[in-house]
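Construct all of the structure, not just a fragment, from the sequences and the given hints.
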Amino acid sequence: MAAYVLRRLFFSVFVLWGAVTIIFVVLRLVPGDPAYIMLGPDADQAQIAALRAQLGLDHSLVQQYATYLSNVVRLDFGQSFRLNADSMSLVLQRVPATIQLASTALLVSLLIGLPLGVVAALRANTWIDRGISVFSLLGQSTPSFWLGIVMILVFSRGLQVLPSSGSGTWSHLVLPTITLALPFLAILVRLTRSGLLEVVHEGYVQTARAKGLLESTVILSHALRNALIPIVTVVGLQFGALLGGTVIVETVFAWPGVGRLLIDSIGRRDYGVVQAAILLVATIFVGINLLVDLIYGFLDPRVRLAGD
Amino acid sequence: MTDVTSTDLDVALVATPAKARARGRAGSARIRFGLTVIILYAVAAAIGPWIVRFDPVATRTQDRLKPPFSRLSDGSLAIFGTDQVGQDLLAQMLQGARISIAVGLATLLLAGTIGVTVGLAAGYFGGWLDSVLMRLADIQLAFPSILLAIFIAALLGPSVVNVVIVLAVSNWVTFARVTRGQALATRRREFVDASRTLGAGTWRLIRRCVLPACIAPVLVVATVEIGHVILAEASLSFLGLGTPASTPSWGVTIANGRNYLADAWWISTVPGIALAFLVVSLGVLGDALRDRYDPRLRSL
Chain A
535 MAAYVLRRLF FSVFVLWGAV TIIFVVLRLV PGDPAYIMLG PDADQAQIAA
585 LRAQLGLDHS LVQQYATYLS NVVRLDFGQS FRLNADSMSL VLQRVPATIQ
635 LASTALLVSL LIGLPLGVVA ALRANTWIDR GISVFSLLGQ STPSFWLGIV
685 MILVFSRGLQ VLPSSGSGTW SHLVLPTITL ALPFLAILVR LTRSGLLEVV
735 HEGYVQTARA KGLLESTVIL SHALRNALIP IVTVVGLQFG ALLGGTVIVE
785 TVFAWPGVGR LLIDSIGRRD YGVVQAAILL VATIFVGINL LVDLIYGFLD
835 PRVRLAGD
Chain B
1461 MTDVTSTDLD VALVATPAKA RARGRAGSAR IRFGLTVIIL YAVAAAIGPW
1511 IVRFDPVATR TQDRLKPPFS RLSDGSLAIF GTDQVGQDLL AQMLQGARIS
1561 IAVGLATLLL AGTIGVTVGL AAGYFGGWLD SVLMRLADIQ LAFPSILLAI
1611 FIAALLGPSV VNVVIVLAVS NWVTFARVTR GQALATRRRE FVDASRTLGA
1661 GTWRLIRRCV LPACIAPVLV VATVEIGHVI LAEASLSFLG LGTPASTPSW
1711 GVTIANGRNY LADAWWISTV PGIALAFLVV SLGVLGDALR DRYDPRLRSL
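From first to last, the protein sequence lines are chains A and B.
Numbering-wise (the numbering used here), the first sequence opens with residue 535 and increments by one.
Numbering-wise (the numbering used here), the second sequence opens with residue 1461 and increments by one.
No lab work stands behind these hints, which were simulated from the structure alone.
Don't be surprised by glycine CBs; every beta carbon is placed ideally from N, CA and C.
Be aware that a few hints might be false.
[What the hints assert, rightly or not] Simulated restraints, written as ranges between beta carbons of each label pair:
no.	chain 1	residue 1	chain 2	residue 2	range
1	B	Leu1589	A	Val539	25 to 31 Å
2	A	Thr751	B	Ala1506	55 to 61 Å
3	A	Gln588	B	Ser1530	52 to 58 Å
4	B	Ala1676	A	Ser750	37 to 43 Å
5	A	Glu736	B	Leu1601	25 to 31 Å
6	B	Thr1577	A	Ala587	37 to 43 Å
7	A	Arg759	B	Ile1539	50 to 56 Å
8	A	Ala587	B	Arg1718	36 to 42 Å
[To be verified] A short, non-exhaustive set of chain A residues, derived as facing chain B with CB atoms under 7 Å:
no.	residue
9	Val564
10	Trp680
11	Ile683
Okay, here's the thing in structure tokens:
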């Protein structure tokens, strides 16, 4: 187990290094002076010179990369010119709001998605299953920014029962949560359904039934538990899409999280904040996938015993 | 879940072969449905803008924010209403269909070319090249692709070409993985060995033996992915990072309507329905093709 944990940990660090490097390469690949691009046409010479010095643009690429890496390790993304504060601390202030939104959406998806998937699998090829499948297809295909707008039209403007923007009370959380959860929930339904349908044919499910166990026990603790193992990995990967979705949902509902800060900062060319926000979200995502991998290795010994 | 009886599952177990046949027939209905809708959209996008003219700079203040089915000042009927500058929404949506579909196809072409090339190289040659390329793919999969797209789009600025580049960069991995898997399996087959023994070179083996085996799964992936790509383009455009305001893709139109929700619900709502219906149809077609030709790809 220790070797497995180390291997996964190494891979996570490797991925983060890759993400940092991709950002560095993209910033240098874009034609033009990075300092000028990052500051925009309104910047004066002194600002450009200051940023050039901070990025080390006068040095060789290798030295620039070393400077960049050491800055990233020290979480130093420079000052935000717009908000006149340290970029990383600006982003960190916004993290709780995003975590609140993402975790509520995750919880709602699991609470609704898993049971719906189980029902669809148990009633495979009936009208209930088809209804759930259509719902899941619609959930995956509906653009979330549009769904958010329609819900604002219906619940905020039309019925006037829920606020259209802002945060603070639970009622502010309802519309953004539904908007963010729907695509994730839809994928979960599909995965649970197909996962469960795959294992109900397995011998151990028949054995469990032959032992005279209650059908609910057979399904919930024998079939579903094994069906869940592959679902866990995909859920971990799809969580990235959920985190990416917060950018859109926070923009639609003016939710004061990292995603909205990211979009505001892009509009104002505040690239220190942009990099800090992207790397922070990437780190959360990598961390969650590391956790998922460890849980997976714990649940299924074959995974940690097999070499990479 | 306590009301589940064992007969439900027994029926599901016993009925498997019949079910599979039924699904085959149902699959062809789904394929017909998906294809019909997609062809309708493609035709509308191709000839629509010629029939209902769209002029991006025209403004007619007397026709601003007219609801659907209004008569405009020139006597024409605005089926979907007009927007904040008096543009006919239908004309704008037909133009938008052109942009969204063109961006989707161009992205798939670029992402597919990169992905298939990488996948062939990794799967056929194996070794260190395979390790490097697939680690690169892993890094990218471990990074939320919309964030990568947002970052690159923010630096490049909004333009149609940039959207295609950005979306291709964040979508090549799926193509690479599928192609690699197929190439790995194919290069060990007897007919490839036989061709090699007969003196076929590497290039010929890849082109004539391995590549043809990859085409079916790659097309299935492309059908599944194009819906995602069109959605991603709309999302980027909605955020102001996709196509510029002068090129009204559906995402741009929906974003415009956001400022007029109180007076004109239709500007945001109608293009969203058009977008969702296209993506649903692509999803139905993609799923049906996958079930029929390559059930192993189900987890995509």
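Status of the hints after comparison with the structure:
no., hint, result
1, B/Leu1589 / A/Val539: 25 to 31 Å, "holds (29 Å)"
2, A/Thr751 / B/Ala1506: 55 to 61 Å, "holds (58 Å)"
3, A/Gln588 / B/Ser1530: 52 to 58 Å, "holds (56 Å)"
4, B/Ala1676 / A/Ser750: 37 to 43 Å, "holds (41 Å)"
5, A/Glu736 / B/Leu1601: 25 to 31 Å, "holds (29 Å)"
6, B/Thr1577 / A/Ala587: 37 to 43 Å, "holds (41 Å)"
7, A/Arg759 / B/Ile1539: 50 to 56 Å, "holds (53 Å)"
8, A/Ala587 / B/Arg1718: 36 to 42 Å, "holds (41 Å)"
9, Val564, "holds (5 Å)"
10, Trp680, "holds (3 Å)"
11, Ile683, "holds (5 Å)"
Of the numbered hints given earlier, the model fails none.
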